[in-house]
Amino acid sequence: MKAFWQSFWIILRDAVIICAAMAVAGIFINAVRPDGLPFIADKPYDIFVPCPETLGTVEMIAPGDSRLTDGKAFIVDARSQAEFDAWHLDGAICITYDYLEPIEDAELKNVTLNIVNSGKERLIVYGDGDGSQGSTGYELGRELAGRGVSQVFIVEGGADALKK
Amino acid sequence: MKKVMFLAGLLTMLFAGNAFAQTPNCDKLDDAGRQTAQQAMDKIHAYGCCTDSVSACLKQNEACRSPRYLADEICRLAGNGKKLSDIEEAADRRAKAMDANGKVYPIEVMPEHIWGNPDAKVTLSVYLCGRCPYCSRHVPLLIKTLENSTLKDKVALNLRYFPIKSHTHSTPAALAIEASAQLGQAWPYLLKSYENFDAFSLAKITVWGQELGLDTEKMNALMKDPKIRESVVASKKEGLTNGVTTTPTFFLNGRRIEGTFDVEAIMSMLSEAVGE
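Those protein sequences? They're chains A and B, same order as listed.
Position in the first sequence counted from 1, then plus 3, gives you my numbering.
Position in the second sequence counted from 1, then plus 197, gives you my numbering.
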């Protein structure tokens with residue numbers, strides 16, 4: 004029993020020494036840092052940050068780019084179903100972009116599974132308008148990229164450019 | 198002897214005036230703050246009517262007022278303990294928003310979305326989300342600050358919708374604000390919803406409308422009206438086209454205010470735009 008208490012006090016002593024040493028090291032490092040934290044904050048920390056839309060990075064490609072036709076692209080049309088029915092690029096699927104509601108998880112899962120199963124290397128999106136910021140294709144591409152899809156490309160000029 | 202003393206006094210006054218800006222925030226600085234502010238003013242270039250360093254511009258044309266506003270902002274930041282690099286970044290962002298040659302983004306202004314004076318020459322447009330916690334804290338603070346300032350009747354605050362998709366119920370929240378806008382209560386409704394931010398539920402949407410004296414049936418009908426949704430979609434699309442990715446994002450007379458939201462910085466920019 005005596006041996007137990009002897010070991011206990013040694014462990015406790017060592018723990019206190021290590022904690023104290025770490026605290027002194029921490030305070031020292033904080034003191035020498037140019038932006039060291041004050042011991043007492045002079046004003047409350049602002050824990051909020053502006054609210055971001057979840058958007059990823061996309062790359063633009065020309066409507067005549069060979070990456071559209073080399074068979075390694077999974078192509079998505081971001082326009083409405085009616086526009087898609089009237090004309091779409093061969094092999095494209097329709098995912099109508101909604102400016103207000105996110106793509107449903109089930110739909111996103113379906114897209115990613117299709118990409119994986121088809122062995123495609125990239126996702127190419129086209130939509131309405133000129134294909135730039137604010138157009139359906141560009142925004143759908145950014146949304147998909149923001150939700151984990153990599154290698155996302157947007158067609159410059161959108162569907163109108165592809166029709167030509 | 199008197200002449201020498203007068204001359205010395207005159208020279209002292211001249212140098213004191215030229216060496217450091219005399220603005221409300223600069224006058225409040227302690228020695229350390231003054232030193233940082235002086236370094237910043239020597240390094241940072243002004244914009245508009247004078248593009249020299251702020252220090253140099255202050256010594257030049259008195260009629261050119263933008264360096265004085267910029268100097269005051271530099272002093273405010275220095276007084277808040279900001280580093281030189283942070284002050285430089287803030288000044289750069291301010292220059293982009295205030296520069297008359299800067300890019301002006303097209304932003305729709307509708308009377309029902311205006312807080313303040315609809316005929317004001319200065320319009321501050323804000324893209325916001327009804328379910329953004331950051332907006333719920335800072336937009337009411339801006340309104341309160343404006344209300345208690347002389348700028349109240351000289352500025353139009355233009356409400357633009359940018360519902361963030363990852364925020365639950367951001368769309369019904371935006372539809373409710375737009376429905377309230379059609380009933381003439383956009384800003385009171387928005388502020389009420391921000392005031393009760395944590396108590397939000399779909400059922401509360403019309404309750405808050407009722408509390409503001411809005412007709413529940415009309416509000417419900419408007420929220421289901423495709424035109425209301427189209428208006429919100431148009432605003433979101435406009436925001437995306439203008440490069441908005443976070444809320445709140447501000448545009449001063451169509452020029453984007455970049456960087457972190459800071460009520461005092463925005464008030465300072467508004468003062469400059471108004472010319473006070």
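Quick caveat, the hints were computed from the structure, so don't treat them as lab data.
Don't take each hint at face value.
Unchecked claim - Derived SDA-like pairs (lysine to any residue); straight-line CA-CA distance at most 20 Å: (1) K434(B) <-> I106(A); (2) K434(B) <-> G149(A); (3) K279(B) <-> F42(A); (4) K280(B) <-> N33(A); (5) K166(A) <-> G94(A); (6) K5(A) <-> I21(A); (7) K434(B) <-> F7(A); (8) K424(B) <-> Y102(A); (9) K300(B) <-> G137(A).
Evaluation of the provided hints:
no., hint, in the structure
1, K434(B) <-> I106(A), "holds (17 Å)"
2, K434(B) <-> G149(A), "holds (18 Å)"
3, K279(B) <-> F42(A), "holds (18 Å)"
4, K280(B) <-> N33(A), "holds (17 Å)"
5, K166(A) <-> G94(A), "holds (14 Å)"
6, K5(A) <-> I21(A), "violated (24 Å)"
7, K434(B) <-> F7(A), "violated (72 Å)"
8, K424(B) <-> Y102(A), "holds (15 Å)"
9, K300(B) <-> G137(A), "holds (17 Å)"
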